[in-house]
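The task is simple: from the sequences and hints, build the whole structure.
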Amino acid sequence: MEIMWKLIDVSKRYHTGKGREILALDRIGMEIYKGETFGVIGESGSGKTTLGKVMVGLIEPSEGRIYFRDRCLTGLKGKELLNLRKEFQIVFQDPYKSLNPRMRVKDAVMEGIRKGMGRKEKREKVKELLSMVGIEPKIMDNYPHQFSGGERQRISIARALSTSPSFIVCDEPTSNLDLSVQAKILNLFMELKEKFHLTYLFISHNIKVMDFIADRVAVMFKGRIVEYGKREDVMKHPLHPYTEVLISSAFFKKVEIIEKEGITSGCAFSSLCPYVKERCYIEKPELKEVEKGHLVACFRI
Amino acid sequence: MEEILNIKGLEVVLKDIRGDEIKILYSVDLSIKKKESLALVGESGSGKTITARTVMGLLPEHMSVKKGEVFLCGRDVLKASQQELRDIRGVKAGFIFQEPSSYLNPVFTAGSQIYEAIKKEGLKGDEKKAMCMKVLKDVGLTEDVYWRYPHQLSGGMQQRVMIAMAIVNHPFLLIADEPTTALDVTTAAGIIELLKNLTESYGLSLLFITHDISLAASFTDKIAVMYAGRIVEASHPLRIMGSPLHPYTEKLIACLPERYKPGERIKTIEGAVPDFRSLPEGCPFHPRCPYQMDICRRKEPPAITIDGFTVRCFRYGDNVETDRCE
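So the sequences go chain by chain: Z and R. In the working numbering, each residue carries its 1-based index in the first sequence increased by 1. In the working numbering, each residue carries its 1-based index in the second sequence increased by 3.
To be clear, the hints were calculated from the coordinates, so they are not data collected in a lab. One thing to keep in mind: the hints can contain errors.
Covered stretches of chain Z (in silico footprint by chain R; criterion: 3 or more residues with CB under 8 Å from a CB of chain R, positions within the stretch not fixed) [stated by the list, open to error]:
(1) 166-172
(2) 202-211
(3) 239-250
Here are a few chain R residues that sit away from chain Z, every Cβ distance over 10 Å (derived from the structure) [said to hold, decoys possible]:
(4) Ser47
(5) Met59
(6) Val94
(7) Pro109
(8) Leu126
(9) Asp215
(10) Ser217
(11) His239
(12) Lys254
(13) Glu261
(14) Ile309
Glycine residues also receive a C-beta, built at the ideal position from the N, C-alpha and C atoms.
Spelled out as structure tokens, the structure:
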């Protein structure tokens, strides 16, 4: 399979003042193949969104290199970056916040369409994009507040498609929606993927959705990928204790998590881990391949 | 068993700017027994929150009750005066909301807000404080949370503080309006576990509002599905998940992604939730219903009880017409 993205030791630090800093991403290394849906699960604050934003270039990574189709994105500037950026897009979580309330729907979608097209051509293209995502083109002159949550998310998707990208980051696109609307949006994502041969980075904290849509899954905890591999492997045979907790809590079995004062030099999960050993407090475990294509960062394995 | 909450034929209307009355709750019947938990399930705008707010006498100004009765511990809430309502809120029934961060006051400590919620009179400060400490322990928090401000607490801890405030007066009923929607899966699981335990240890009845039918089915005793201001089906969770009666329930369950293999298309519900101002004639679900019959377009289906389960659909009971139109 063709590798589309390659991340090597990507970190992101935020300075919180007084010389302290937070590691939002801690040496992320992963690959995304062309045409797959790569899922990222984790709780809020685990760095899922930061990862997505770093990949599409909305946030500059502090360290590490990001390769997109064998081209290094870090350090790329100007026109080159601009041209490359059309290849990847992002759909945000909250459709109420991610659409400009003062922009008509057609203008929001039109922004991404290539220059050099005539006005009429552009309008036709907007119509085509909107009908593709299931919005009637005749209401394209309306403002975002005239649409429901599900419709707005469709508009966001149309906007993302306007640059004809090959890769889309879906940052919790269904978590603000009702069940019946979520089902429709998930269907739409799958349809578009087949139609345009898209690759997705699908971020969600909903394990049930992930179990349904993703081909491969990465589990994040406090800025690190603790486990990643094929969906079946990760969901059915989780190896990392955190993945176990996450999956069992999705199906509402009893989970005991008591947050103790963490010791930061070792494994981030050590303060919560039921299998903790002395070594976990001192060293950080690295991602190791356990089975083919199934990687885990835990000393227990 | 003793009935804690009993709602009979409740109808609520909304007055719009022109002064027109729009019906947003239509003949809602509900009852919750002691220590029983009932989940109110439905999409946004189906009337779940309005039902809960009516119980607390917290309807917004432009909404009013047209018909019906709401009995809380044998007292009609709708006939209560403002003074009596104050005794009901917190003492008879507690309320927790979806987003704890917007309901806690940021300038007071968590402890002082629980302290303030204590309604029992004739207690000394020390005794009240001891009550706070006990209730903090009961919701799974440590005592030092008493001195902490809301911004120093995580979302899950804030929700626990909200629960502490709601149960400090040992109410009979706890109304939880989407308490886990804003939380992470692991935190949400903890809150659900806590609510389950509280129904036992505090003898609470629970009215749980959610849009996640599989979450509701995982721990409640009864589920009532709402659509367009009506309870279209009320039944046992296992029965609802296994063999739903109403076509809307059936379709809603079919929307759950975990019921499909990866790569399959989810069977969605055609169309959208109708606007209250222009509800279709007859059964409000008929334009989206795959089983619609002639009668559905003309008449509103009455609530029928089959083996103790209620459903509003012409396919059941004596009303079944043989000529089915597709």
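Evaluation of the provided hints:
no.: 1; hint: 166-172; verdict: violated (count 0)
no.: 2; hint: 202-211; verdict: holds (count 5)
no.: 3; hint: 239-250; verdict: holds (count 3)
no.: 4; hint: Ser47; verdict: violated (6 Å)
no.: 5; hint: Met59; verdict: holds (24 Å)
no.: 6; hint: Val94; verdict: holds (31 Å)
no.: 7; hint: Pro109; verdict: holds (20 Å)
no.: 8; hint: Leu126; verdict: holds (32 Å)
no.: 9; hint: Asp215; verdict: violated (7 Å)
no.: 10; hint: Ser217; verdict: violated (8 Å)
no.: 11; hint: His239; verdict: holds (18 Å)
no.: 12; hint: Lys254; verdict: violated (7 Å)
no.: 13; hint: Glu261; verdict: violated (4 Å)
no.: 14; hint: Ile309; verdict: holds (25 Å)
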